[in-house]
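All chains, please: the whole structure from these sequences, using the hints.
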Amino acid sequence: MFEYDESSELWIADLDNVIITCDELRDGYEEQALKIAENYASRLDEITDFLIKNGISDAFGEMTADELKDSLGVPQINIGNRTVSYTDHALDDSHIISFEYADSDLGSFMYLSIDG
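Oh and the sequence shown: position 54 is 56 in the numbering used here, straight run, nothing missing.
In case anyone wonders, no lab produced these hints; they're calculated from the structure.
There may be inaccurate statements among the hints.
Unchecked claim - When the alpha-carbon atoms are kept at most 20 Å apart in a straight line, the in silico SDA-like pairs for lysine to any residue are as follows:
1. Lys-71 / Leu-27
2. Lys-71 / Asn-56
3. Lys-71 / Leu-46
4. Lys-55 / Arg-45
5. Lys-71 / Thr-85
6. Lys-37 / Lys-55
7. Lys-71 / Glu-33
8. Lys-71 / Gly-82
9. Lys-71 / Asp-95
10. Lys-37 / Phe-111
11. Lys-71 / Gly-109
12. Lys-37 / Asn-56
13. Lys-71 / Asn-83
Unchecked claim - Per label pair, the in silico range of CB-to-CB distance:
14. Thr-89 / Asn-41: 26 to 32 Å
15. Asp-68 / Glu-26: 36 to 42 Å
16. Ile-98 / Lys-37: 23 to 29 Å
17. Glu-102 / Glu-69: 20 to 26 Å
18. Asp-94 / Leu-27: 31 to 37 Å
Every residue, glycine too, gets a C-beta built ideally from N, C-alpha and C.
Shown next, in the form of structure tokens:
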């Protein structure tokens, strides 16, 4: 499932348009990756609500949750440090949007960061 990418020095799995990464493979990561990829789709409404409530509109202007969902692109979820990042979104060409999640199942969200 995971393949090592030498250029990024990460283990990467592409699961139904959700990219799961980690620095090193650990026991249970394959099962965790499958569960997170499944949970991502079902929690996308909660994710967009979190992003809107935590100020994404300050950086990119007002938008609806549906407009934001359409703009986010493919998430990159690092299960080692529990972060979700959007590096190839349609909101602009220079920022990386990321946030942290609290548990191994893509639980509660915190610490929105917009870098670029």
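Here's how the hints hold up against the structure:
1. Lys-71 / Leu-27: At roughly 30 Å apart (the allowed maximum being 20 Å), Leu-27 and Lys-71 break the hint.
2. Lys-71 / Asn-56: 15 Å, holds
3. Lys-71 / Leu-46: 8 Å, holds
4. Lys-55 / Arg-45: 15 Å, holds
5. Lys-71 / Thr-85: 18 Å, holds
6. Lys-37 / Lys-55: 26 Å, violated
7. Lys-71 / Glu-33: Violated, because 26 Å separates the two Cα atoms, which is more than 20 Å.
8. Lys-71 / Gly-82: With Cα atoms ~25 Å apart, Lys-71 and Gly-82 exceed 20 Å; violated.
9. Lys-71 / Asp-95: Between Lys-71 and Asp-95 the Cα gap is close to 17 Å, so the pair holds against 20 Å.
10. Lys-37 / Phe-111: Holds. Lys-37 to Phe-111 sits at ~16 Å (cutoff 20 Å).
11. Lys-71 / Gly-109: 18 Å, holds
12. Lys-37 / Asn-56: Not satisfied, since the Cα-Cα distance of roughly 26 Å exceeds 20 Å.
13. Lys-71 / Asn-83: 23 Å, violated
14. Thr-89 / Asn-41: 26 to 32 Å: 20 Å, violated
15. Asp-68 / Glu-26: 36 to 42 Å: This hint holds: roughly 37 Å between Cβ atoms.
16. Ile-98 / Lys-37: 23 to 29 Å: 25 Å, holds
17. Glu-102 / Glu-69: 20 to 26 Å: Holds, at about 24 Å.
18. Asp-94 / Leu-27: 31 to 37 Å: 34 Å, holds
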